[in-house]
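Participant: Sequences listed follow chains A, B and C, in order. Counting from 1, one number per residue, gives the positions in the first sequence under the numbering used here. Counting from 1001, one number per residue, gives the positions in the second sequence under the numbering used here. Counting from 2001, one number per residue, gives the positions in the third sequence under the numbering used here.
In short, the hints are calculated from the structure, not lab data. The reader is advised that the hints may include incorrect statements.
Coverage of chain A stretches by chain B, computed from C-beta distances (three or more under 8 Å per stretch; other residues unrestricted) [claimed, not checked]:
#1 46 to 54
#2 304 to 310
Pairs of lysine-lysine, DSSO-like flavour, derived with a Cα cap of 27 Å [to be verified]:
#3 A:179 to A:18
#4 A:71 to B:1033
#5 C:2172 to B:1111
Here the structure is a predicted model, which means the values were calculated and not measured. Positions of the beta carbon are idealized from the N, C-alpha and C atoms, including for glycine.
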Amino acid sequence: MHDFYQTGWWAVIWSIIKIVIVVVPLLLGVAYLTLAERKVIGYMQVRLGPNRVGFRGSLQPIADALKLMFKEVIIPTSANRFLFLAAPVLAFVPALLVWAAVPFGPDVAISNMNAGLLYVLAIAGLGVYGIIVAGWASNSKYAFLGAMRAAAQLVAYEIAMGFALVGVLMLAQTLNLSKIVEAQAGGGFWSWYWLPLFPFFLVYFISGVAETNRAPFDVAEGESEIVAGFHVEYSGMAFALFFLAEYANMIFVSLLTTVLFLGGWYAPINTPLLTWIPGLVWLLLKTAFLLYVFLWIRATFPRYRYDQIMRLGWKVFIPVTIAWIVVVGIALETPMRAILR
Amino acid sequence: MLNHYLPVLIFIVVALVVGVVPLLMGASLGPHKPDSEKLSPYECGFEAFEDARVKFDVRYYLVAILFILFDLEIAFLFPWAVVFDQIGMMGFLAMMIFLAILVVGFIYEWKKGALEWE
Amino acid sequence: MIITTILFYLFSAILLGSATAVITARNPVYASLFLVLAFFNAAALFILLGAEFLGLILILVYVGAVMVLFLFVVMMLDINLTRLKEGFLSYLPLGLAIAILGVLELAVVFWTSPLGHIPAPGPIPANADNTRALGVLLYTHYLYPFEIAAVILLVAIIAAIALTLRRRQGTKTQSIDAQMAVRAKDRISLVNLRRPEQ
């Protein structure tokens, strides 16, 4: 499609337009996700949450952003100045870059690349650098400890995530994210991959929670033990970038789970009554639901101990995913294949 | 295929700009009143008594090495899964043998206690 | 086409520059980060050549995993730079000898093998999916090398554990399995304290 837009300078301008169309709503979404988080958890704990700025607190994120902008960016004396300032950028850039391959409709993406899923996995893995560099450049014990914990945890769950994705590939037979959604078309709710790949669905989403360092896997920040972990020395906009990266990653994990396991932009029941609603609305509704689950988990579960986190990643998720790869493989080689495809 | 990666290249530039601009804004708009207490590393009110860059448990290296090995497995599994329908029974069995060999390694790790976090 | 040529020289220049910085940087952490940049540009070159799978795998495995290990080691080893530099002169002849040997070997390979004389590959088909092409080849024609790769990985796992696993004496650990297996009725019993009716 859009052959005209794929040649010469038009390609550049067209790309920039697409990037702006994705990034601006994304950053607004991040801002309002923070408000949603405080509201949802507030109500779960029988509080009101922020309700002063604007109508029922609706301008709170704007106020927060303005305030952070006017705060001093403190650079500790013992820190390594350049790397200290580079670390938040290193965390933020991959959090944006992964969005390049995300499909918002059939073949609608910044770049509808063939190897989309591989790209996403490769780029998402770069987020760890922001954390390690931040911990090291701060030259503070808490920051260093937090960074090492975070890195070892990210690494363990990335494996489980990768294995979970293999299952999706076996059924979809393509790395292109848009085609993966299309492979789930047909019978609505029951033809989405969450059903045949249920263990992968769970492993992927829970790993996603762990990868974004969210509760109950947030020992890297662990207020009660190591203050704020790798970003203890950060303030003002430098801190805000880490924060933006974390929330952008949350939205990304939710959206990708929707794309891979919950049928992307397809309606849950294949009737004209529901398919009439645009696919983008379905995609965003499902994503919003998973984001709500993120917040729900945070309000519900106590923080894991670090050894428990490592056990879950290495000793539960990896064996489960390997076993299910074998199960799906055998099913595809036998007459059961008809059910799966 | 390159027209799929041109947007990515542009996106890298845009993302760097979007990342650096807030930092510059924060640094220029915010106050700048340093003092030695504010700039010292946080250590619950104590003076930091030694360099933060200390030797760490070797266990972290082991985790990182195991991560590389499993990452390589994923690198093998991805193309296998994508062409699952085209490679037939032989390809399937080959991967099962591959996985079986690596599961042996995984069991070894487990029994040796390399996955234990103490 | 002119754009791809410009990009090729841009990426190559950054690649060579960062590779030089790796060996000249005084701080080992900077050296590792420059190596990351070098890998990144190598991946970009792969993608320019149309090898998207190789490029992305380079990022996934080398940037995302191998360099993380390097950074772990470099950051945590508490390297004393002055002590590292002490033996520099005595190692220099050996290092130079190895470097010259490496260059000679590469030169021999380039001169004697057809590598230097292969005609440029034809244009890449518009919708080539090289992950698929690679997968089909690897899992039909190259099954034995593939299985050997599994054995090599197994050896690597065992070697990594044998080299780095040290049990520390006197540490106390919690057995999570035992903790998970606990049931309420094993731990607590409700006793009826009301005096029996008389």
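Participant: A separate judgement is required for each hint: does it hold in the structure or not?
Facilitator: Hints and how they fare:
Given a C-beta distance limit of less than 8 Å, the hint that chain B covers the segment 46 to 54 of chain A is violated, as 0 residues qualify and 3 are needed. With a cut-off of 8 Å between beta carbons, the segment 304 to 310 of chain A has 3 residues touching chain B; three or more are needed, and the interface restraint holds. For the hint linking residue 179 of chain A to residue 18 of chain A, the alpha-carbon distance of about 20 Å falls within 27 Å, and the restraint holds. Our distance criterion of 27 Å between C-alpha atoms is met by residue 71 of chain A and residue 1033 of chain B, whose separation comes to about 11 Å.
Distance hint between residue 2172 of chain C and residue 1111 of chain B is fulfilled; the C-alpha atoms sit about 18 Å from each other, no more than 27 Å.
Figure legend: structure checked against the earlier numbered hints; the only hint not met is number 1.
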